[in-house]
Each structure stands twice: as C-alpha cells, then as structure tokens.
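Trainee: Sequence:
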Amino acid sequence: MIINKRIPLYYPFKMIIVDILIISAFATVIHLISSNFIDFKLPISFSAFFGTSISLILSFKLSQSYDRWWEARKIWGAIVNDSRSLVMQLKTFIQPDNEAGKIILNKMAYRQISWCYALGQNLRKQEVMKYSKEFISEEEFILVNNKSNIPVMLLDLHYDDLKKMRKTELISEFHEIQIESTMQRLCTSMGRAERIKNTFFPKTYRLTLRLFIYLFLILLSLSMSNSLSEFHDFIHIPLLIAIAIPFFLLEKIAYQIQDPFENQPTDTAVTSIARTIEIT
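Going by my numbering, the sequence shown opens with residue 1414, and the numbers climb by one from there.
Hints were generated in silico from the structure; no laboratory data involved.
Predicted model only: the values in this text are computed from it and were never measured.
Using N, Cα and C, we set each Cβ at its ideal position, and we do this for glycine too.
Please note that the accuracy of each hint is not assured.
For each label pair, taking beta carbons as the anchor points, the in silico distance ranges come out as [unchecked claim]:
id	residue 1	residue 2	range
1	1601	1501	13 to 23 Å
2	1455	1538	39 to 49 Å
3	1551	1504	19 to 29 Å
4	1587	1612	34 to 44 Å
5	1615	1677	12 to 22 Å
6	1572	1605	16 to 26 Å
7	1465	1423	41 to 51 Å
8	1654	1558	19 to 29 Å
9	1586	1477	38 to 48 Å
10	1682	1505	44 to 54 Å
11	1466	1572	50 to 60 Å
Derived DSBU-like pairs: lysine-lysine, alpha-carbon spacing no greater than 35 Å straight-line [said to hold, decoys possible]:
id	residue 1	residue 2
12	1576	1515
13	1515	1560
14	1560	1616
15	1504	1546
Please model the entire structure based on the sequences and the hints provided.
Mentor: Right, dumping it as structure tokens:
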C-alpha cells in the first residue's frame, strides 16, 4: 500500500495511458471522417444525457468498492485492538511472580504477532510464514507450516494454551471466559477478512461499465466534431481527452480498491499494521 503522502504525479496517469491513447485514436479517426466524408449530426444533448447515466453507474461502483476497502480497514483496526487486549488480559490475569505463567504469556504474545503477520500474508496469497516464523518456536513452526490455513492453526495453539492455564489454575474460570471472548473476536475478524478476499465483483460488471464509458466518449466525439466545427480543426480531441481522464481514473480506482488484499499500492496495509502490533 502507498503510505507516502507525496504520490508521484505520473502514477495515476500511468494506470490509464492505454485507454487515453485508444480514445485519442478513435477521436482522430472520427474527426478525419467528419471533415472529409460524413458530417455527423448527433445532438450534444444526447451525449450529455448518456454521460449522466454513466456517471451514476460509475459513482455506484466507486461507492461499493470503497465500502469493501473501508470494511477491510475496520477489520484490521479491530484486529489491532483485540491483539492488544489479549496481551493486556494475559498480563493482568496471570500473577507476576508465577514463572510458568510468564512463559505462557510470552509464548502467546509472540504467537499473536506471528498470527497477525501470517493472516496478512495468507490473505495476499504470499508465503504465509515469511515474517511469522521468527516469533514462534521451531516445534510450533513444524506443526503449523504444512497446514492449509496457518492462521487458524496458530489460534488453535492459543486455545490449547488457554486450556492449560485453566487446568493448572493459572487463571480463573472468569478470566478464561474473558480471554476466550477476545480470541473469538479475532477469529471473527479473520473470517470477515477472508469473506472479502473470496468474494469477487463479477467481471462482466467492469467490462460492461468500460464498454459504456467508451461508447459515451465515442458518441461525445461524434457530437463535438459537429458542434465545434467552427473552431480549430482538432480542438475537440484535447477536450475529449480532458473529459475522458476523470472517467477512466475513477473506474480504475474503483477496480483497484475493490480487492483490498491483492498486494497492490491501494491495498490495506496489513504488513504495516502487523508491524504496529509487534511494536506495541
């Protein structure tokens, strides 16, 4: 994810350069045809009405995409809070002079850091234990490394330690319930993040929207070639490009932020968030 406030000016335009070149070629061809062969008589009001419809569809798509991105960020915000709560509960509930309790506390605290890194990597379909293995023992690493869902296995180890603490009376039954409630919230957040990851926008939705944007710009080019004929020959081409840029930019942004766990610049910064949890 981009976390620098100063984004290079070329970055957003790099995403749409191909679309701009294509629509420029269309506009040039339409202008040459209208100047030498056919004088198009398409009213500008028709293109304006069509453009308004496209704007409404595009704004809906952008809103839906942002909702997914923002939900992902809220989920990881909850993970930060619950991770801190888990460690604070362990510190509070376990007696400070109990050596066995301290060992389990440290093990669970570091395992929670490992879980946060593992979840982020798992959502991005990258090497899950890349950042996580240094926070758990070699024995636990061997136990979870070949599992299909490593974050679930790490939480399962949390539950095993919780049972041990209750069995050895390091914590009371009430404390066990409180810690288990926190771990359930972590599991719920994991499920919500996986739901976003595994729920896709239909590709036909984007293809249809892009088709309509191109159709609108072509119709607008036909209208402008007639209505701006008294001006400079090619004046409508830069005007069309200026109109096309926000449409293509917004469509591209909506497409990128709809999947917040794809390791793109617009992603939710899961690795950075996990690093924050590690530090605190």
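Trainee: All hints, please: hold or fail.
Mentor: Quick rundown of the hints versus the structure:
1. 1601 to 1501: 13 to 23 Å: The hinted range 13 to 23 Å holds for residue 1601 and residue 1501, with Cβ atoms some 19 Å apart.
2. 1455 to 1538: 39 to 49 Å: 47 Å, holds
3. 1551 to 1504: 19 to 29 Å: Holds, at about 26 Å.
4. 1587 to 1612: 34 to 44 Å: At 38 Å between Cβs, range holds.
5. 1615 to 1677: 12 to 22 Å: 20 Å, holds
6. 1572 to 1605: 16 to 26 Å: 20 Å, holds
7. 1465 to 1423: 41 to 51 Å: 31 Å, violated
8. 1654 to 1558: 19 to 29 Å: For residue 1558 against residue 1654, whose Cβ atoms are near 52 Å apart, the range 19 to 29 Å is violated.
9. 1586 to 1477: 38 to 48 Å: Holds, at about 45 Å.
10. 1682 to 1505: 44 to 54 Å: Because 30 Å falls outside the window, the suggested range is violated.
11. 1466 to 1572: 50 to 60 Å: Roughly 53 Å apart at Cβ, these two residues keep to the hinted range, so it holds.
12. 1576 to 1515: Cα-Cα ~16 Å, so holds.
13. 1515 to 1560: Status holds; Cα separation ~28 Å.
14. 1560 to 1616: Answer holds: residue 1560 to residue 1616 is near 31 Å, not above 35 Å.
15. 1504 to 1546: 23 Å, holds
Taken one by one, the earlier hints fail for this structure at numbers 7, 8, 10, listed in ascending order.
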